[in-house]
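Use these hints to put chain B onto chain A, whose structure you have.
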Amino acid sequence: MKKLKFFIPLLVFAATAGAQSDFLLYSLKGNVSVVENGVETKAKIGKMLNSAATLKIATGGTATLICNESAMFTISKAGNYPLSKFGDSCKVTGGSVSANYVKYVWASMTKSSGTPGSNRKAFMNTVGAVSRSINNVWIDPRLDTVNYSGGDFPLSWKSYADAKEFEFLLYNNDNITEPAYKTTVTKLKIPIPDICKLMSAGKSYYWTAAVKGEENDELKVLNFVSKESFEKTLAGFKSFGAPGETPAQQAYRVAFMLEDAHYLSEAYQHYSKAATLDSSNVLYRSTLMSFKKDYEIK
Amino acid sequence: MSHNHESEQAPQKRKGFKHHAKKVHGRVTKYLTERDTILATIWVFVFIIALGSIPLNLGIMNPVKLGLKDFDFNDITYSKLGKGERTPVDSNIVIVNIGYANREELAMMIDAVGAMNPKVMALDALFYGPRDPHQDSLLSETFRKYKNLIVARRLELHGKEGDTVSFAGDYFNTASQYAHVNLFTDSISSVRSFEPFFEDYSHKRYPFFATAIVKAFDSAAYKKLENYGTKKVIINYTRHVGRYLLLQFEDIIAGNIEEKAIGGKIVLLGFVDNNRDNLEDKFFTPMNERFAGKSIPDMSGIVIHANIISMALAKDYIKKVPLWGNLLLAILVCWIHMSFFIHYYLESHIWFHLAAKIAQVLSAILFVWLGIYLYDRYRLKVDMKLSIVVIVMAVDVIYFYEAWAVWMHKKFNFRTVFKPHHH
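These protein sequence lines map, in sequence, to chains A and B.
Residue numbers for the first sequence follow the numbering used here, beginning at 1 and rising by one.
Residue numbers for the second sequence follow the numbering used here, beginning at 299 and rising by one.
If we strip away everything but chain A, and leave its shape as in the complex, we get (with noise of 0.2 Å):
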């Protein structure tokens, strides 16, 4: 009797043990949140978690979790989960392959797949046609902001359709609504210049271009720099030279930090002058040539 006391609560602990199942979480998002010992932390994709563990989701946030490496199960509604009430979903389904292939076997021969006539919800879902609220034109993210002080550069972008006009759009800061220039070009790309005379010196305008007659909400961002301002970026930027630095180095160091700052016009004069200084070095002519191939300059 003294043994089986001892054995019991051994058994029961053993069957308990061997109960437990490895949950790992695979994808999460919103916010998840994981109760361990008592402390709550931020949930991690790729953290193992036991039983004892518990998930707290909240609104909006799911996990995606998988038990014993095997089962796969999502929780997307809010709510505190203990994860030792999911061990229904470590459950693996699905027999042998054997098995599987005798179901197979037979449900092929048994059941018929159907036709177009008698089972139309099975075969109404093909997509049809394709969609037109999608946007036609692309817009480089290099172009999302555009600091410009002066110089010859192009506004471009790139069009799905073969469309033959465009529109192109400056709105003012103040109004995305309602835009202060609209035009129609037949190129894909604007110069600059062309609208400067529509823009002031230290004010910024939002932009965008759309085959015409149609919409296009992408908004880009044109700042049109004050001479004085892009002087002192300018000055800044040439002070940061090593000594000894030839011009043609300096120019291409400059119009480096230039792109960087989003003066792309400005990078494009310095990086051409670079090429011109030094017209041997293969780095700036092949820097140049990307450079203008990039922004779709000719």
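Source of the hints: derived by calculation from the structure; they are not laboratory data.
Cβ atoms here follow ideal geometry from the backbone N, Cα and C, with glycine treated the same way.
Any given hint might turn out to be false.
One side of the interface only, derived from the structure: several residues of chain A facing chain B at Cβ under 7 Å [to be verified]:
1. K44
2. I45
3. G46
4. I66
5. E69
6. S70
7. V97
8. S98
9. Y104
10. V105
11. T183
12. D260
13. N281
14. V282
15. S286
16. T287
Just chain B, lined up with the frame of chain A:
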């Protein structure tokens, strides 16, 4: 009462089963050792060899042949029998989706992953030339920084024999290791195998991307893989993308990843898009949900590499039965079926076609199962196509054989079980 009834019925049942079993056995074996059965079996193979030797590609007129060109019965195990569904997640490999990240973002991604101390990082992306100088310089420096980073490149073959090698897609030369990612398969066939190494004219060996990763991660697993050399190795597909931990760029940058999930592991950085309409860097594999007929590519290149690595690390290679083994099996199958068909042909001719058709269907199901079972259980790949072809051909060859045997009997007094106009 009931007991008495059972005791009276049971011996009768046993007798009945024995009787039927004996009958079936007799139908299969009665003509097994007859000279005609053996000769008819030989004629089946003569026909197969003769048809296969026609120097014209008749496949163009045969849609079935065209459809079955890339067909393998074992593919059913993945598409219909749920083989890949129960495979556990591979805890050695983590995939990071690079999406459409530019070079600067890639550098950030590698830095973020590298900070979590993976054992090996591998980038499955090609770089064909200069772009933004700022981004290029960042990525180039990142490549230089991580000695455990393997970067993809393309192997370009030149010369008459295609054994002169040059590389493409490796614009940055600062990474400490490069390995080729292109597989020697056409873009519309299923990717079933890979070559661990490519050997050029001077016998210099170039490791495949997955080979280089295995080498950096596990020397024992690499030794086994190295033994395959330049031979084709059948890929043992075990996992679709959901069976690897898949991380997104945003989660890495936002610090949403548990460091332990990456530390000491293989991190594969590649493009993954589960959108069926996006076919970029996607391939057909045996795991495609349609195992025959028209379909769309189903697996991203990086997941194929992951499957190869999983196989190599688990040393779970597929053994292929050699041609002679498949041939021997086909001869055995043909011989037994021929004996059964000849029995019906001669003794119950009225049932011959019905019995033959039923036997063909049941045998096809049985042999497909046998192939699947051996593949699933023992990783043994037996080509059952020939065995099934001989079962189909055997019925037609009997008619030819009868005419031939009767002609031989008349001309040379050839002893045969087929009598002139016996039916």
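Here is what the structure says about each hint:
1. A distance limit of 7 Å between C-beta atoms decides the matter here; for K44 (chain A) the minimum to chain B is near 4 Å, and the interface restraint holds.
2. Interface restraint check: I45 (chain A) against chain B, minimum CB-CB distance 5 Å, threshold 7 Å, status holds.
3. A hinted interface residue such as G46 (chain A) counts as satisfied when its beta carbon comes closer than 7 Å to some beta carbon of chain B; here the least separation is about 2 Å, so the hint holds.
4. For I66 (chain A), the interface hint holds, the least distance from its beta-carbon to any beta-carbon of chain B being 6 Å, beneath 7 Å.
5. With 7 Å as the threshold, the beta carbon of E69 (chain A) comes within range of chain B, its nearest partner Cβ sitting at about 3 Å, so the hint holds.
6. Because the beta carbon of S70 (chain A) sits about 5 Å from the nearest beta carbon in chain B, less than 7 Å, this interface hint is met.
7. For V97 (chain A), the interface hint holds, since its Cβ comes within 7 Å of a Cβ in chain B; the closest pair sits about 4 Å apart.
8. With its C-beta approaching chain B no nearer than about 6 Å, S98 (chain A) sits inside the 7 Å limit, and its interface hint holds.
9. Taken as an interface hint, Y104 (chain A) checks out: its beta carbon lies about 5 Å from the nearest beta carbon of chain B, inside 7 Å.
10. Given the 7 Å rule on beta carbons, the hint for V105 (chain A) holds: about 6 Å separates it from the nearest Cβ of chain B.
11. For the restraint placing T183 (chain A) at the interface with chain B, the shortest Cβ-Cβ distance is roughly 30 Å, beyond the 7 Å limit, so the hint is violated.
12. This hint holds: D260 (chain A) has a C-beta 6 Å from the nearest C-beta of chain B, less than the 7 Å allowed.
13. A hinted interface residue such as N281 (chain A) counts as satisfied when its beta carbon comes closer than 7 Å to some beta carbon of chain B; here the least separation is about 13 Å, so the hint is violated.
14. At about 11 Å, the closest approach between the beta carbon of V282 (chain A) and any beta carbon in chain B exceeds 7 Å, and the interface hint on this residue is violated.
15. For S286 (chain A), the shortest C-beta to C-beta distance to chain B is roughly 6 Å, which falls under 7 Å, so the interface hint holds.
16. Against a cut-off of 7 Å between C-beta atoms, the interface hint on T287 (chain A) holds, since the closest Cβ of chain B lies about 5 Å away.
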